[in-house]
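With the hints as a guide, bring both chains together as one complex.
For reference, the chains in residue letters:
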Amino acid sequence: MSALPARDSGVQTMVPHWVDAAARERLAAVVRVALDEPALHPVTTIHLQDVLTELHVAAAREAVWPASTARVRLATGWNDDVLPVRLSRDELAAVLRLPGLPGFLRSLLGGRERDA
Amino acid sequence: MTASPLFGIPAPRLLHRFRSAPVDVADLHEVALDLLPRLATPRLRLELVRRPGAGTLLCVEEEERSQRVPLVDLADDMSSAGVPGTPAGIAAALRIWVAHRPVTDDDAAAAGIAVLDWTDVTRTAVGWTVVVARGVVTVPWAPSPAARTAELHRTRSSATGRSHDVPLEMRVEGPLALWSHRTVPVLATAALAAPEVMLHRIAGAGLVVPDIHVVVTPHRPVVCAAPGVARRLAGQASEESVTLPWRDLADLPWI
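Chain order of the listed sequences is B and G. Here my numbering is used: the first residue of the first sequence is 1, the next is one more, and so on. Here my numbering is used: the first residue of the second sequence is 117, the next is one more, and so on.
The following block holds chain G by itself, in its conformation from the complex (with noise of 0.2 Å):
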């Protein structure tokens, strides 16, 4: 039984998932049809698709990207994540699955940020990647096949872009200065798009750190701070992070 971002539902809530009634699908199929038509867009369409003798399925299509689900393995996905089978319950995760539909080519040049992500699954190094916020809930762009070369660069380009636009909140405590966004946690890692901002921002507040480092570990808040500092936040951390040198940052590739 594993829990799942996917909707909504926080992984260490044990006790909560073994309490909750399994999602019905008959109910998924309730729930779906009244809410769907309210968070389809002209370019999103949500339709649920029956099947005779093999289910309804739960049809996403946004421009280039489609997605096909059928409504059993999504009650099945929602109870394994400990979704409370009540109707509101239901709508919630429903909302949050919807919200993590595949990023258009459109929307990511349109609306892409630049964040750090780790490049693998061994969680030892970090990217650049373009990620558009919907809600609290942030999801990767992976370019389609058809996304030639030049708009690859303009939308990474414009994500780096608006990361410098992103209102971060910093707090100074001690020696080290953290970064992070009030209610999108992945957000944090924008402020490393416009280190300078940072460094500036850093020294406004009276921290003076030379040869300033940066301990990463996405989708967690940022900290800064002078070599020795990090390898002693790093090094004594429970979970994994890259400690690198703020010039590095712009050398990081894209993921």
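If we strip away everything but chain B, and leave its shape as in the complex, we get (with noise of 0.2 Å):
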């Protein structure tokens, strides 16, 4: 058995950023169209990617290991839709340089509190 690294060395820390569904669904369209345009950077477009990959991890995370994020959850009051969706530092970057980025989501985003 080869179990692989929990994290290989010099990967960015993943901040989790607490998101509702609906939230969420606006996060990836808003990525999507970003990643249809062909002028976007090649690495900006890796960094989108792995946001809409997360945005998949999320929930499947949430899936197999749900009992960490209902505490969380039972402490804050948040719905049962409020999960953390984990991004590094050039994927936060990435996603916050977006033109059309909504409002909502950028102060979600960039660190101010979410209402309960």
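Honestly, the hints are just simulated from the structure, not real lab data. Here the structure is a predicted model, which is why all the values come from computation and not from measurement. It cannot be assumed that every hint is accurate.
Reference listing, derived: stretches of chain G covered by chain B, where coverage requires no fewer than 3 residues with Cβ under 8 Å from a Cβ of chain B [said to hold, decoys possible]:
1. 252-258
2. 291-300
3. 327-338
4. 344-354
Virtual Cβ for every residue (Gly too), placed ideally from N, Cα, C.
See below:
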């Protein structure tokens, strides 16, 4: 058995952003629109594709290991559809640079506290 | 105070446990007198044995397996686990406790299913084991000292074959495929006993994943994804898991 390492050295820290289902859908839509833009820088393309992947991974993580996020939701009073979306600094920067990013998502991902 | 799945009480229900009245041994005795005859079979003997001055024993005997538990200890364990001290609560807990009795060699041979479980308490590696499903309860089989090597191999081989037929649900979540069992979570890893079938279903769902890796946390849904996606999933998870290429599944040891 060759278990993969949990983290590669040099990989950026992933910071969780607690986002509800509607905001995740909106974020995915904005990212997809941006990825259709032919002039997008290749590195930005990779980061945005990783953001899309993370949106799916966050849902999978919740399906497999729901206990810890459930505890957070219980403590905060957040709804069941609020999940941590874990983004690296570069991925977050790529998202925040998107011109079409709605203000509420910019606030949410930019570090302002979300409303419970 | 620790909750126990032996009584069907989930661990995080702290508030519920603090509110529960303790299980009285006399109430347990009364429930057991009513319930045990209904759970017994020609092979499964369930008896209350009175010992003057020493309390009552609950005796469970099935082929080569036997257990004897003082009723007072069982009542204490139920109280600690947060079992409601009502007749219905005690009966439900006792029913689940009996379902957790050890698996006989014959039962394992006739109904065993191969699944993955942790190989030790450190939860760093997984291996194959044989479980028997009793309703929503699954119990791992520990071969008896009398089980011969040939029987052991036959039982494991049959269990692997049965795993192929376990009905599992597959959910595609972007670049990931998640496998789960509707009612018995531990059976999710049965999908990994037939990886080619699993890959075929994944491809049939339109998911093209080169070099599929599986992310396994026993008793939880199984995830299949490309190595990078699997790494992202497991690397940021709050619980232990093992990630490995699907081709390595057949080489995992038996526990």
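Results for each hint:
Using a Cβ-Cβ cut-off of 8 Å, 0 residues of the region 252-258 of chain G lie near chain B, which falls short of the minimum of three, so the contact claim is violated. Look at the region 291-300 of chain G against chain B: 4 of its residues bring a Cβ nearer than 8 Å to a Cβ of that chain, three or more, so the hint holds. Counting residues of the region 327-338 of chain G whose beta carbon lies closer than 8 Å to any beta carbon of chain B gives 5, which meets the minimum of three for the stated coverage. Counting residues of the region 344-354 of chain G whose beta-carbon sits less than 8 Å from any beta-carbon of chain B gives 10, enough to reach three: the coverage restraint holds.
Violated hint: 1 only; the structure is consistent with all others.
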